[in-house]
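S.K.: What follows is the residue order along each chain.
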Amino acid sequence: MNEIKENQTKSLIQVRNLSKTYKRGNEKIEVLKNLNLDINQGEFVSFMGPSGSGKTTLLNLLGGLDVPTSGSVRIGDAEITSLSGKQLTSWRARHVGFIFQLYNLIPVLTAFQNVELPLLLTKLSKQDRKKHVEAALSIVGLGNRMHHYPRQLSGGQEQRVAIARAIVSDPSFLLCDEPTGDLDRSSANEILDLLSRLIQEFSKTILMVTHDPIAAERSKKVLHLEKGVLIEAQNKD
Amino acid sequence: MKFIPLIWVNLKRKKMRTMLTIGSFAVALFLFGLLTVIHSAFSHQVKIAGADRLVVRNRISLIMPLPISYKQRLAQVSGVKSVTFGSWFGGVYQTERNFFPQFAIDSETYLSIFSEYSVAPEQWELFMKDRQGCLIGEGLIERFGWKIGDRIPIQGTIFPGLWEFNICGIFKGKTPESDTKQFWFHYKYLDERDSSTKGLVGWYYVQLSDPSQADRIAQTIDEMFANSPYETATETEKAFAAGFLKQMGNIQFVLICIGSVIFFTLLLITGSNMAIAVRERTNEIAVMKTLGFSGIRILFLILAESIIYAFVGGTIGLGLCKLYTLQGDPTNGMLIIFELSHAYIALGLGISAMVGFLAGIIPSCLAMRLNIVDAMRRI
Ligand SMILES: Nc1ncnc2c1ncn2[C@@H]1O[C@H](COP(=O)(O)OP(=O)(O)OP(=O)(O)O)[C@@H](O)[C@H]1O
Ligand SMILES: [Mg+2]
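Sequence order for the protein chains is Y and U.
Residues 1 to 237, numbered by the numbering used here, are exactly what the first sequence covers, in order.
Residues 1 to 379, numbered by the numbering used here, are exactly what the second sequence covers, in order.
No lab work stands behind these hints: they were computed from the structure.
None of these values were measured; they are calculated from a predicted model.
C-beta atoms are modelled at their ideal positions from N, C-alpha and C, and glycine is treated no differently.
Hints may contain errors.
Okay, the calculated beta carbon distance ranges per label pair [what the hints assert, rightly or not]: (1) Y:52 x U:320: 49 to 55 Å; (2) U:14 x Y:182: 22 to 28 Å; (3) U:279 x Y:79: 33 to 39 Å.
Chain Y is nowhere near these chain U residues, computed Cβ spacing over 12 Å in every case [claimed, not checked]: (4) 3; (5) 99; (6) 296.
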C-alpha cells in the first residue's frame, strides 16, 4: 500500500540538472542550463519562449531522440539518459507519442497505414492492429478518411492523423512541437480541442511547445524557456 | 511479413525509376545469359572429350599433315589399344554460310574408337560398300532437309574440284552431349582422288588401355617420331580441345571482361538510384526512427528493395534469354550446343542478387546511421 502511494506522488517526468551544450567550431552554445522539471501523470503543459531558446532541444531530450550533455531524465521508472541507443529506440516506441508542426506523415501510405506504422513494431496480430487503428482514427474524428492519402487531406486532418498515430500504441505521454504552427485558427482550435479531450477522457500527459498564447492557454501550466532556464509563468490550479 | 507493404509502396513510389532499374537488370542478365551460352558452346568440346584418347598431330601445326604410315607404328606402342585417323576436308555446300565440319575418316577403325557414336547396321553396311558414301550426324541431317539416298555436291577448297557424296546413313550420339553436327566420308575416296596429299592424313586418334598412362604414352610417341620430317605433338583429347579453343583467342577471358563491365555498370546505376531514393526519403526515415523503427530494420527495408530490383530484373532477363535459346541456334549450327544451363541461371541470379546487395548496402547503412535530430532540422 505504501509503495503505491509513493508512486502516485512521484511525478511521471522528473528532470534534474539537465544541460545541453552544442559545439560549433570552438564556440560552445549552452542551450539548456541545469534545468529542473517535474510533470505529473495527466498534466497538460505548454512551453513557450523565443525562437532558438531550446524548446525543441528539450522535447528531443525528453523523447529520447537526443542525449543530454549532463543531468538526468527519469520517466516513470526509467532513467533514459543511461539507456543505449537500441534501448532508447524501443523505449520510444512504447512510451512516447510524437506530434510535429509539419505532421510528418509518410506520403505514400494511407491514413490507416500511417497510423498502423507504430503497431508494426508490436506483436499485435493484423486483426488487433486494425482494431486499434480504427479506434485511434475514430477518436480523432477521421473514421471515414481511413484510406485517404495525406495529400488528399487538409492540414488539420493531416495533423489529426498524426495525433492518431501518436496515441495508437497508448504511450505514456505525448510530445507536441508546435502542433498548430502550420494551421489556421479554426483548424488549430480543433486540434487543441482534441488534445484537451485526450487529457480529459483518456488522461494522457501532454507536453506542447507553442508560440501561440491562445494555444498555451488551453494548458494547465505554461513554462517559459529563456536563456536556458525554465520560468513558470502561470498556474491555473 | 507485415513489413512487405512498406517495401511495396517504396517500389511503387517512382514507377519510372523502378522500371528503369529493373530494366537495367533485365538487359544485363540477358546479355550475361548470352555470354554463358557462347561460353558453354565453346567449352562443350572440352567437356565431352574422351579421357582415354590421345590426339597425335603434326608438331608444327594442326593444319600440317602426318604420313599414313604412322598408323602401323602407333599401333605397336605398348599401351595403345587401337588407332584411327581423320582429315579436315573444309568443303563448301552451296554457300559458305552453310558451314559444317566434314571429316574424311578411316572408316574401318573410326567407330571402334569413337564409341559414343552409333550407326544402324544396315546403314553401316551400305556405307562400307559405297566408295562415295557418307554418314550424316543426326544433328545435321535436318538442317538442309537431307535424307538417306540423297546425293550431296560439295565444293572442295583445300582439295579442289566438286565432290559428290551419297548419304548412306545417320550416326547418332549415345549421350545428348555428343557432337552430331558432323559429316563423315571415306578417307580412301579422298586419298584416291586427290594426288597432292596422297599418303597424308590430318591427325591420329589413339585409344589407350589405361588412361592413367596418357602422359607417358604421349611422350613415348613424340620421342618415337622426333627428328623425322614429320615430328608429332601428342596430347589428351581434352588438352587438344582446350588448346584448339585457345587458338581462337582467349574466349573465356573476353567473356569475363565483358561480363564484369556489364555488372559494374549495373552496380553504378543501381547504386546511384538507391542513393537518390534514400536521400529523397531522409525525412521519412527520421520519422520512422522516431516512431521506434531500429536502424537495422530500416537497413533491411532498403536492402530488400534493391535486392528485389535485382531479383525481378534478373529473372526477367534470364527468362527472356532462356526463351531466346529455346527458339534454336541463330548461327545455324555453328555452335555445337545453344542452351542456357540451369547452373548458369542460378549463377546469374546469384550475381544479380549480389549486385543488388552491394548497390543497396551503402545507402542503407547511411539510412541506418541517420541521426534523427539532424535529419529533422534539415527540413
Ligand atoms: N545540432 C546543432 N548544432 C549546433 N547548434 C544547434 C544544434 N541544434 C540546435 N542548435 C542550437 O540550439 C538552439 C536551440 O534550438 P532549438 O531548435 O531547440 O530552439 P527552439 O526553441 O525550438 O526554436 P524555434 O522556436 O525556432 O523552433 C539554437 O540556437 C540552435 O541554433
Ligand atoms: Mg523548435
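S.K.: If you test the structure against every hint from before, which numbers come out violated?
M.R.: When the structure is compared with the hints, numbers 1, 4, 6 turn out to be violated.
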